[in-house]
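Those protein sequence lines, which keep their order, are chains E and U.
Counting in numbering that gives the first Met the number 0, the first sequence runs from 0 upward without gaps.
Counting in numbering that gives the first Met the number 0, the second sequence runs from 0 upward without gaps.
For the record, the hints were derived by calculation from the structure and aren't laboratory data.
Take the hints with a grain of salt, since some may be wrong.
Note that the list lumps identical chains together, so a pair holds whenever it fits in one copy or between two copies.
Dumping the calculated DSSO-like pairs for lysine-lysine here, alpha-carbon to alpha-carbon at most 30 Å [said to hold, decoys possible]:
(1) 363 to 140
(2) 275 to 363
(3) 46 to 308
(4) 330 to 170
(5) 140 to 330
(6) 552 to 8
(7) 363 to 583
(8) 139 to 170
(9) 363 to 279
(10) 139 to 470
(11) 576 to 606
2 protein chains.
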Amino acid sequence: MKKSDINNKYVLLEEIKLPEELKNLSASQLNNLCGQIRNVLIDSVSKTGGHLASNLGAVELTVALHSVFDTPKDKIVWDVGHQSYTHKILTGRLEKLSTLRQEGRISGFPKPKESEYDSFISGHSSTSISAALGIAVAMKKNGDNHHTIAVIGDGAFTGGLAYEGLNNAGKSDTNIIIILNYNEMSISKNVGALSKYLSTMRTKQSYLKTKNIIEKTLDRTPILGKPIKTAIKSSKTVIKNMLLHSTMFEDFGFAFIGPVDGHNISELQEALQSAKAMNKPAFIHVNTIKGKGYAPAEENSGEYHSIGKFEIATGNPDVVSADSYSSEWGKELSRLADSDARICAVTAAMKYGTGLQYFTETHKDKFFDVGIAEQHAVTFSAGLSKMGMLPVFSVYSSFLQRSYDQLIHDVSIDNTHLVLGIDRAGIVGEDGETHQGLFDVTMLTTIPNVTLYSPSCYEEMRMCLNQALYKDTGIVGVRYPRGSDNSTYEKTNLNIDYTYINNNSETLLITYGRIYNNLLSAAETLKEKARKCDVLKLTRIFPISEEIFQISKTYKHIFFFEESMKNGSISDKFSVKLFSEGYKGSLFTRAVEGFVQQATVSASLKKAGLDSESMVETVLQEIN
Amino acid sequence: MKKSDINNKYVLLEEIKLPEELKNLSASQLNNLCGQIRNVLIDSVSKTGGHLASNLGAVELTVALHSVFDTPKDKIVWDVGHQSYTHKILTGRLEKLSTLRQEGRISGFPKPKESEYDSFISGHSSTSISAALGIAVAMKKNGDNHHTIAVIGDGAFTGGLAYEGLNNAGKSDTNIIIILNYNEMSISKNVGALSKYLSTMRTKQSYLKTKNIIEKTLDRTPILGKPIKTAIKSSKTVIKNMLLHSTMFEDFGFAFIGPVDGHNISELQEALQSAKAMNKPAFIHVNTIKGKGYAPAEENSGEYHSIGKFEIATGNPDVVSADSYSSEWGKELSRLADSDARICAVTAAMKYGTGLQYFTETHKDKFFDVGIAEQHAVTFSAGLSKMGMLPVFSVYSSFLQRSYDQLIHDVSIDNTHLVLGIDRAGIVGEDGETHQGLFDVTMLTTIPNVTLYSPSCYEEMRMCLNQALYKDTGIVGVRYPRGSDNSTYEKTNLNIDYTYINNNSETLLITYGRIYNNLLSAAETLKEKARKCDVLKLTRIFPISEEIFQISKTYKHIFFFEESMKNGSISDKFSVKLFSEGYKGSLFTRAVEGFVQQATVSASLKKAGLDSESMVETVLQEIN
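Pulled out of the complex, with its shape left as it was, chain E reads as follows (with noise of 0.2 Å):
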């Protein structure tokens, strides 16, 4: 297509076949492309659930982007990545897009196996700079000319990890550009004083417009007029700080251009072009409504973050869960907070994802929404509960990997008591590796004074909170699943150590957390077979406590199943203490090896052998 052919042509979105084609239209063909975009994504998302607010919000930035740059030779690092639906639409996966989240389809993250427009894995927050920094400095190296551009949030600068890319990226010899995707927040309102800093930004006019005033204002001033200015321009003190630098991204070394309206293609190409003009870092903030153009996601952005599928009409989900390990987390914490001024809730951005609303109701005072902190979150707790504080810090398995160092130095050291809630335990299903919760049990049985509970049901959950938070000491983590508890099985004697199912059999399955329920259901099927099975679950799974290695070593055959990754998984460390021991039988363990893919949790499940019907297999097949 030439420019000149297509100026007035309505362009259909299925003809763009290459971001490049996007440099011949025109601002109101990008326009109407948007449109386009935005049906589709809202179409999509209604079928397929995903992120929808933050991709609605970046459909001109992304648009912008992709006509003003050479993308895959310029390289686009988005952070989170869940904003990137529109790139992988603009980058020939339109048609994919219906099976997003899909096993073996397209993810709901940049991923460069993928395609090669993804530059760099994401999912976690805050690392765009970082990697686009040592993508620049590379490129730089290889004498390649091309931009490498980081697209941040404003709650993804609330992370420690892109201030440390800050730092290093102002001053850099690279014609990196940061852009600054601001929509006042990310997951949940946005928290600190950073936040606070550039809602400012946001309501001023144009930086350059201003210094200009002053400067002219300057120019009208009799007699000191003057003086004031080349004094200004010449003097080392601060007032040229304060008049030349006015953001703290210049501060940090950066060209900066803003704020630029994040719906307008125009002032968004032209912000870019600038940028891209620049021999040297540059930081660009864009002001994004999150949510842009439909509705029910722009009143309620935290709402449709992250969403299953729902009715485009009305906006109504298609499913409500009514409860979640999450909100009965949050819930019971708010109950004993009722009674006990010492507890207090910390979270790292995820006030509903971890059920702490109900938290708040009642006790706002002492709930604390770090950001997306978890180093912060980790010390900061340190700190409260050195000064008698009972803090609990509810924090997802995936993101609590942030926090290794803190809580062995910060913590451990000095056996102070936190309560970690362990939230997205185990597999977590469609969001793929970077969000699986495997991690967790491997990790912090590493430390030092840690004890872990893995609960198989609600009222287990709440019994192990108590013990975590009264009778332990140390770092205690509860770790419990994402959703809903679907347990079956019949809620007796419950406690917080262990159950021990003794049928007098000489094969004894060993689990914990809720595939406890699978193994039961593979211990009925089991019988039928003629294979009679005992069956020990754990809920205290860390340190194991010696009456589960005694009633061990009377078996023949065990068999551990585990929603853990296997290299230092309790199974691995149970094997070890047993056949120091002596114990002279067999033991079969199975637990997740290797990164988990997108799918759903039970085909997850399945393909780790970790399913009812996989239990059984396994046993008949070892065991004959």
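Go by the hints and put chain U onto chain E.
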């Protein structure tokens, strides 16, 4: 002592038993005390070794803090903590200073178990603001109006955790006080945009004074002066921000005081009193000189950062180590880079510590000191690697703990190639529990796509580095200890896999790393005691090669000695695999359990049962 009695009295440091006694002293008496403290510091560290330059720089600040605040009710949190010697002297530990860093004696870092004046553990960088905020919030909830003060250097400010803390502290409803101890360099010369920003602040006049000048100038400006001033005061635009907020720290919500001369007691006391009187978060910028008062340390504060014994008159260190694993690593990396333009060296503020000064001599353009920012170092390196470079991140084992999530998420999932030089791996000695390098093996082996080497001498380390760069993929770690190669065994048949000494015994001793030397010596002694043993030394410790298992299975007794934490250790993995394959012999493993306290390396190895003598005892005891 009454103030009137002592105003002109010469006060001896020995007379100060409690920090509250400082309150009665005049500025000149305090100054005199500072001189005495300096003499004690120099004299003491010259005999014990330890951190000198940072402590000499913080004498007046510490004295001023204890003279203004009521410790231990007011809480001081020392970031990193190696500047806390004066604090120890003033809080009843003067006599104990001569036993600093010795086994069972006082620590070189603040330690709550040691004194109620040490309010939070430290050792790792950038934790103080988060810990202090937790303490301050808890005190407020408890109705306690005392203050919490975080003392943090500009080096520690390059770590993201400090920024996460700042972002939360600035907007907090507390009276927290952050003191920036600005001395232009932390360990190596500081890096990054923030450093540049702070150094601008160092030279400028007091911000408050300057603001007054502007206002006065405008007052004197006819016609437009007043309207401009009014516009500034009332407007909500950037102009107001520029005049009312001149520092990044004010943007973050703090009342800003400074810069203050950090060697002027009266000026320091005045600033601290101002901050104390405010009922909001305050930030004080204090300029200090590292090594102040001792010429050799002032001139070369890097060398005097952490030092062994030295001669006071000349400043000459007692023993100069000609070589170390670190220096050999840096030299080999530099040699390889001579013929490979892809090799980049990355460090997190440990250029000298990791021997990279040898790399920078000829490859400055491919050397990246990112500040105390281990998270960024890994993600940045991943970006470099994605574009075809060969990044090598050299880092202390203990500090690598900060990168756990980045290693999983930004490197391992995509199986990106990254070489880690894991320095100070194993027991490190006198710095104690916060600095031991004992978690790297257990931490890294929970991550997929990881290969680990633990060479036992310089030559092997060089072979491992070559292998890591040119043969392996994914994350490849080479771990080596602090200090020199003291191995005495004959260097034949060195390789990157394993060394097997077969004497046709029925007992096999397995180990890796520097304690191989101890094991060989133990095997000699055992032979003399008529207990002949075979020896297997691993160089690649993970994954363990299949041959190792085949060899091991043939033995009746196996002993595995390991300089690493026990839970999740290589010996644990070895044990799991061997028994899962039906091994029926006995296996005894000895690794480190719990935190290792300060002591000499050899004393700690003995305590852990990893010296030659203990190995002999273990074998004889377990077999008989």
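Here is what the structure says about each hint:
{"no.": "1", "hint": "363 to 140", "result": "between (51 Å within a copy, 13 Å between copies)"}
{"no.": "2", "hint": "275 to 363", "result": "between (46 Å within a copy, 27 Å between copies)"}
{"no.": "3", "hint": "46 to 308", "result": "within (5 Å within a copy, 71 Å between copies)"}
{"no.": "4", "hint": "330 to 170", "result": "between (47 Å within a copy, 28 Å between copies)"}
{"no.": "5", "hint": "140 to 330", "result": "between (54 Å within a copy, 22 Å between copies)"}
{"no.": "6", "hint": "552 to 8", "result": "neither (78 Å within a copy, 76 Å between copies)"}
{"no.": "7", "hint": "363 to 583", "result": "neither (56 Å within a copy, 59 Å between copies)"}
{"no.": "8", "hint": "139 to 170", "result": "within (15 Å within a copy, 40 Å between copies)"}
{"no.": "9", "hint": "363 to 279", "result": "between (45 Å within a copy, 20 Å between copies)"}
{"no.": "10", "hint": "139 to 470", "result": "between (57 Å within a copy, 26 Å between copies)"}
{"no.": "11", "hint": "576 to 606", "result": "both (28 Å within a copy, 22 Å between copies)"}
Going down the numbered hints, you'll see the structure goes against 6, 7, while the others check out.
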